[in-house]
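Number of protein chains: 4
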Amino acid sequence: MSTKGSSETIEDGSDVLIVLDTRKRWLSKVTSGKQFHCHKGFFDFDQIIGQPYGSKVRTNKSIDLTIYKPIPSDFLQHIPHSSQIIYTKDAGLILLNGGIHPGSLVIEAGTGSGALTSILAKYVGSEGHVYTYDNREEAYNTSKKNLERLGLESQVTIKLKDVSEGFDEEKVDAVVLDLGDPCEIIPHAYAALKLGGVLTVFMPTYNQVERVYIKLQEYSFGDIEALELILRGIQLKRNAIRPNTRMIGHTGFLIFARKLLGENE
Amino acid sequence: MSTKGSSETIEDGSDVLIVLDTRKRWLSKVTSGKQFHCHKGFFDFDQIIGQPYGSKVRTNKSIDLTIYKPIPSDFLQHIPHSSQIIYTKDAGLILLNGGIHPGSLVIEAGTGSGALTSILAKYVGSEGHVYTYDNREEAYNTSKKNLERLGLESQVTIKLKDVSEGFDEEKVDAVVLDLGDPCEIIPHAYAALKLGGVLTVFMPTYNQVERVYIKLQEYSFGDIEALELILRGIQLKRNAIRPNTRMIGHTGFLIFARKLLGENE
Amino acid sequence: MSTKGSSETIEDGSDVLIVLDTRKRWLSKVTSGKQFHCHKGFFDFDQIIGQPYGSKVRTNKSIDLTIYKPIPSDFLQHIPHSSQIIYTKDAGLILLNGGIHPGSLVIEAGTGSGALTSILAKYVGSEGHVYTYDNREEAYNTSKKNLERLGLESQVTIKLKDVSEGFDEEKVDAVVLDLGDPCEIIPHAYAALKLGGVLTVFMPTYNQVERVYIKLQEYSFGDIEALELILRGIQLKRNAIRPNTRMIGHTGFLIFARKLLGENE
Amino acid sequence: MSTKGSSETIEDGSDVLIVLDTRKRWLSKVTSGKQFHCHKGFFDFDQIIGQPYGSKVRTNKSIDLTIYKPIPSDFLQHIPHSSQIIYTKDAGLILLNGGIHPGSLVIEAGTGSGALTSILAKYVGSEGHVYTYDNREEAYNTSKKNLERLGLESQVTIKLKDVSEGFDEEKVDAVVLDLGDPCEIIPHAYAALKLGGVLTVFMPTYNQVERVYIKLQEYSFGDIEALELILRGIQLKRNAIRPNTRMIGHTGFLIFARKLLGENE
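Chains as they are written, first to last, in our numbering: chain A, 1 to 265; chain B, 1 to 265; chain C, 1 to 265; chain D, 1 to 265.
Derived from the structure by calculation, the hints contain no laboratory data. Among these hints, one or two may not hold up.
One copy or two, it doesn't matter: identical chains are merged, so the pair holds either way.
[Claimed, not checked] Listed below are the simulated DSS-like cross-link pairs for lysine-lysine, each with C-alpha atoms no more than 30 Å apart in a straight line:
id	residue 1	residue 2
1	K24	K215
2	K24	K171
3	K237	K61
Model the full assembly from the supplied sequences, consistent with the hints where possible.
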């Protein structure tokens with residue numbers, strides 16, 4: 001019927017998600033002649049090349065692993081990173097409430113490991129573009145490697161630059177701030193956004209929420225909204241459906257605001 | 001700098017978001033020669049044509065309204081609908097965990113007012129496509145009107161058809177079910193998905209979570225995960241930052257699962 | 001078997017809880033010769049005098065109401081009050097984590113309508129005592145009336161007094177603060193508590209949480225813990241069990257701390 | 001002022017709470033001539049006998065521990081137990097919504113380690129009584145030891161008995177069920193309660209919530225309410241106030257219902 005869908009066969013060079021169970025899962029690149037190793041043994045990548053996604057492979061310790069084709073959220077959770085990365089729950093709302101979609105021009109600060117960058121790049125698509133800033137060389141190198149691996153490098157410009165000096169772009173559709181002190185960057189975000197463009201700020205503490213809110217009011221931002229998303233996992237067990245006992249209680253708060261015509265303009 | 005960003009000027013025929021405050025906001029189409037009316041008075045659309053987004057306009061009752069360029073989530077919340085529609089928090093995670101991105105082929109059932117359809121269509125972009133099913137004529141007509149208004153009709157095929165007879169498409173990347181009894185549709189979803197493709201089910205009750213989980217196990221679905229997202233709004237008031245007193249306590253549960261190579265294949 | 005249990009028959013002068021449904025319920029005093037009126041009609045109190053608790057009575061509009069014997073939490077929710085009162089979820093934890101039980105000596109500030117006071121008095125019992133402070137005459141009068149109605153006046157001393165001048169008591173087991181600016185009262189709470197005694201502070205905002213925490217560290221309080229309780233109601237409907245759509249998202253934060261031997265002693 | 005408060009001096013035989021930090025804390029009995037040992041070293045109990053509560057003591061490894069006088073919730077959390085015990089957040093609401101206070105006659109099933117039993121016994125006080133049932137000998141022995149240690153044995157009757165045969169008491173004020181299959185005990189709870197008395201059921205899964213609800217309707221229970229309490233800990237750090245990253249996502253659901261005059265009577 002449809003022929004536009006992407007390939008269903010595992011190839012040499014494919015990124016794959018290798019799943020043992022809900023908690024143990026790895027993102028890996030299939031490489032002919034090499035092996036995948038984990039605490040449950042190893043298998044040869046050649047065993048899965050040519051197999052369809054959704055296949056199982058048995059390790060030398062007789063443990064079955066399932067091979068999935070990664071979806072964008074797998075990259076968000078599993079690419080190498082040094083610092084805390086944004087969760088999919090937050091990334092999904094950043095797209096929708098942040099006004100980020102195919103064709104959007106987006107600025108992000110800071111880049112970190114490029115995890116959120118990769119999501120932004122994936123969703124602005126080939127007609128959009130992401131400009132991402134970080135002043136740490138490690139962030140530049142890690143994110144460059146991660147984005148190339150995901151084939152997203154043409155949709156992103158990585159800038160090794162201190163954002164406290166401002167952004168190079170103008171009239172972008174969206175700015176996303178995920179850095180230690182977002183307050184001092186808010187004037188630069190205002191300058192870079194087009195009218196009606198959306199600023200998204202992610203931050204872990206209430207103190208930052210208050211400071212960002214106060215700063216947003218000094219500039220002409222409107223429609224300011226703050227919230228947090230709480231994700232509760234549900235135990236799937238026949239006749240014993242219930243929320244999971246353990247959960248992540250907090251990742252961060254999100255503030256969304258839109259640029260108004262203002263005196264600062 | 002960038003010239004790819006979308007227009008910043010309100011034009012005749014533009015969709016605009018007209019905002020009084022956090023709760024009172026309307027989606028409207030600018031029509032030269034006509035007026036916008038609300039409980040705070042009216043203004044002539046000609047007053048705002050040619051003005052930049054982010055401008056304010058005063059009604060005949062001297063109330064200021066702000067004119068925003070709508071982002072996708074505004075459509076999700078404000079397009080005409082008869083039944084309950086999916087919230088942006090859930091829609092964002094459906095994109096990320098549901099494996100839906102630019103270029104994806106997606107099946108949705110049911111269409112309803114086309115609110116979630118419009119989000120899916122927006123994010124699969126011009127290289128993807130959404131096939132949406134509903135057997136109610138009203139849903140067909142409302143969603144058609146809504147999608148045309150948003151200029152998304154070329155990215156969606158609306159089907160006035162009972163999904164209990166199965167889907168017409170094969171090897172799609174993702175299936176999203178948001179209907180009263182998702183269980184009986186799961187076999188059809190399995191048949192329509194490509195290997196590794198993701199099924200997303202949205203449902204309000206725990207009873208449905210259990211039934212869907214049991215059904216998913218009968219078919220070869222793997223990596224099954226159930227969760228709910230809780231959104232807490234934060235009161236933005238200087239020196240009085242706190243969660244809001246009132247909140248929506250529950251919208252629904254989400255189950256995500258991926259198609260494995262199975263005996264049913 | 002047991003004969004210690006309280007009476008099961010509705011008497012003239014009894015306080016009763018009259019229940020229409022989960023949301024519509026009233027606390028009322030049975031008065032021979034008088035009537036109970038609500039929007040669903042009226043009935044004569046004499047109709048229920050001598051009947052057992054758990055009986056139904058029919059109004060002149062043919063609506064059935066159920067007559068319950070009030071439990072302490074009914075008083076917390078239904079006694080007359082002007083300002084926001086503490087919820088049962090918070091009051092229950094204040095008892096347990098606040099170290100308040102039969103025999104305890106407790107100071108409370110401020111009294112308000114006496115709602116929390118009545119719970120504290122009920123649970124310290126005849127061997128304990130509550131000293132409650134408020135500098136507003138209205139609070140004194142309302143709480144006095146409420147406590148007398150509940151027959152708890154002998155277990156409470158209501159003080160019309162500004163707590164910024166300090167408390168009259170020493171070596172109490174527990175101090176509970178529920179007032180606008182708890183910070184300045186913390187030194188007085190320290191002075192009034194016995195060693196190891198527990199201070200409980202209830203406050204709505206994050207800003208207060210931080211200020212109280214900083215103040216507690218200046219004094220010799222240990223084992224400081226802050227938390228909030230979120231209550232989710234569950235919809236009880238056969239085959240449609242789910243959290244309620246609407247909920248109270250926030251009432252307040254609680255801080256518990258215990259008095260250490262300190263330099264301030 | 002008051003002289004009714006309990007002693008402030010640590011004595012031979014006292015139960016004490018020994019606190020290293022928020023997570024590491026132990027309940028111990030002071031015994032002259034013996035030592036307290038933990039992973040941070042040991043100290044002689046004689047070092048603290050005669051000292052006031054709130055004092056610090058230094059171990060042989062030069063670590064300071066603080067000695068607190070235990071409050072009832074400390075016992076709930078720290079007495080020896082084999083199975084999952086009720087959390088203070090749930091126990092507090094069971095008191096208030098369960099209609100349990102000084103003077104109440106209460107039935108509990110099952111006893112388990114006696115943790116909740118000890119809270120119930122503490123709060124019904126010397127004028128009330130708790131009858132607790134469990135058919136496991138281990139539960140009988142553990143709870144007996146725990147209750148004697150807390151000096152609460154005169155307020156509790158521990159029964160080594162299978163509750164599926166019914167309760168021995170009648171006209172009690174409250175029944176609390178915390179056992180694997182509460183449904184079959186509901187008829188016995190109805191029989192044992194006085195009119196207007198409150199039944200509390202604690203259970204971990206949604207499936208149980210539905211079954212209990214259905215059973216309660218078969219008997220004449222009214223005012224049925226189901227809920228869950230979620231406790232979020234708050235990180236106390238100057239300039240970085242935020243919910244804790246990790247939390248207990250779920251303990252159990254609570255159902256409260258009151259006995260009505262019914263045909264079963």
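Results for each hint:
1. K24 - K215: This pair counts as between: shortest inter-copy Cα distance 24 Å, intra-copy 42 Å.
2. K24 - K171: Intra 43 Å, inter 28 Å, cutoff 30 Å: inter-copy only.
3. K237 - K61: Classified as within: same-chain Cα gap 28 Å, cross-chain 47 Å, threshold 30 Å.
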